[in-house]
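**Q** Sequence:
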Amino acid sequence: MAASIIIDNVAVVEVEAGTIREGCAVEIDELGLIAAITPQAQMSGETRDISRIDGRGKFLLPGLIDSHVHVAFNGLLDVRADFTRTLKQFLLHGVTTVVDFFTVGGDFPGSSPEAIRDDVNSGKFLGPYMLTSYGCLNAPGGFCDCSVGDAASAVATREDVDREIDRIAALNPNFMKIVYDDVFGTLPNLTKDLLRDLVTAAHERGFRTAVHVATGTQAIAAVEAGADILGHGIVDEIPDGLISEMLDCNVAMIPTLASYESRSRERSRMVLPAISPPEVVQYYAGMQNTFYELNGQLLLYRQAFDGSLRCMEEMVENGVTVVAGSDAGTWYTFPGDSLMRELELYVARGVASAEAIRMATCDAAALWGLSAETGSIAVGKRADLLMVSDNPLNDISAIRKVVAVVRGGRLINLDALALDIANGPILPSRPMDGSVPCSPHHLRDRFPKGT
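Residue numbering for the sequence shown follows full-length UniProt numbering, beginning at 1 and increasing consecutively.
The hints are all genuine.
Result set (BS3-like, lysine-lysine): computed pairs, CA atoms no more than 30 Å apart in a straight line:
1) Lys-381 x Lys-124
2) Lys-401 x Lys-58
3) Lys-401 x Lys-381
4) Lys-381 x Lys-58
By construction, these hints were calculated from the structure, which means they are not laboratory data.
With the sequences and hints as input, model every part of the structure.
**A** Written out as structure tokens, the structure reads:
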């Protein structure tokens, strides 16, 4: 099949090996797949109807994967998000695949929580390739109930387990999310028996499970229950035996360091991404304090952030599978930019740049069963690509120096994308009453849906 785009003279970052392949021409076919990777010297100068991108002095990576996001949120949860802008924010930063940790209860005008993944992946909305759990399983009155009310899956009995697992399974999610966290003792939590029953029921129906935890005690209970993925890092101490059990059972962890850091900062230390939606810019300009400042929780989250840093470092040092996820969209954790920060935090804690990049590319693709489609630059894979001006293996901050983004074989007009994000109407919403919400997520009764 004829090429539709050729990226000339580019240095390809071979993420599995952590090496650079200089002087390449990367051909993308009309189906949006990588058709060839050829030494530039072997390429003809013929252009025909092919779009050619000058890659001289530039570095080409596979598009990044954020393994923990919330597309329904924009980083300021008391401001109604325009999810189409959120999707574009990911692309602007070269994030071409996202894993959403629940869409249920979300506000998706023109789509729905049940359909948003397929609508994005079919091209109805411009955005990264999307996986989702759709649902959120928790105790009555727990984390998910606090967030989205009756839209969540409240589980109090064994009968609830089968009913709610079957309800979510009917929507064919990519995995199932279970919350096993009382949010520092402020919310109800599942029993260990119900946690185990949920994991078992999901596995029996062919779905892997990602369990939201925060503490070491919760983490070891989740692993013992058969969880496949821990959706957050541990904010206190790692229990004896946890790492060995994770290794034995091949349990992965997603640290979400960026979210803990963002909640530990005062408003005066918070910086918006340069390109942000108007509703976020407007609210930010008038914001005097964060919710965590108002609620006296900064110290708590600083301790949580420190603990999560130690946890990530120890997990990586001991060979646990760790993939990059930022919890993008939640409080003060801005889509796209937050994954850049997540990787910078890994490197600041001693992870090599090459390893950090693998966590957001090939390792993440392997975890989510996408290795045949994405995660590295190889013939036959989807042309989801990020071109940057400097070598990210030398300096991880180079991933912020975005020159070009290709999504599914389509070269994204980054200037137009930035205008779409920064301009346009602000969706109507009801004002906050000044109270601190019960959860880091709170869509319940906040915004008019579908308008």
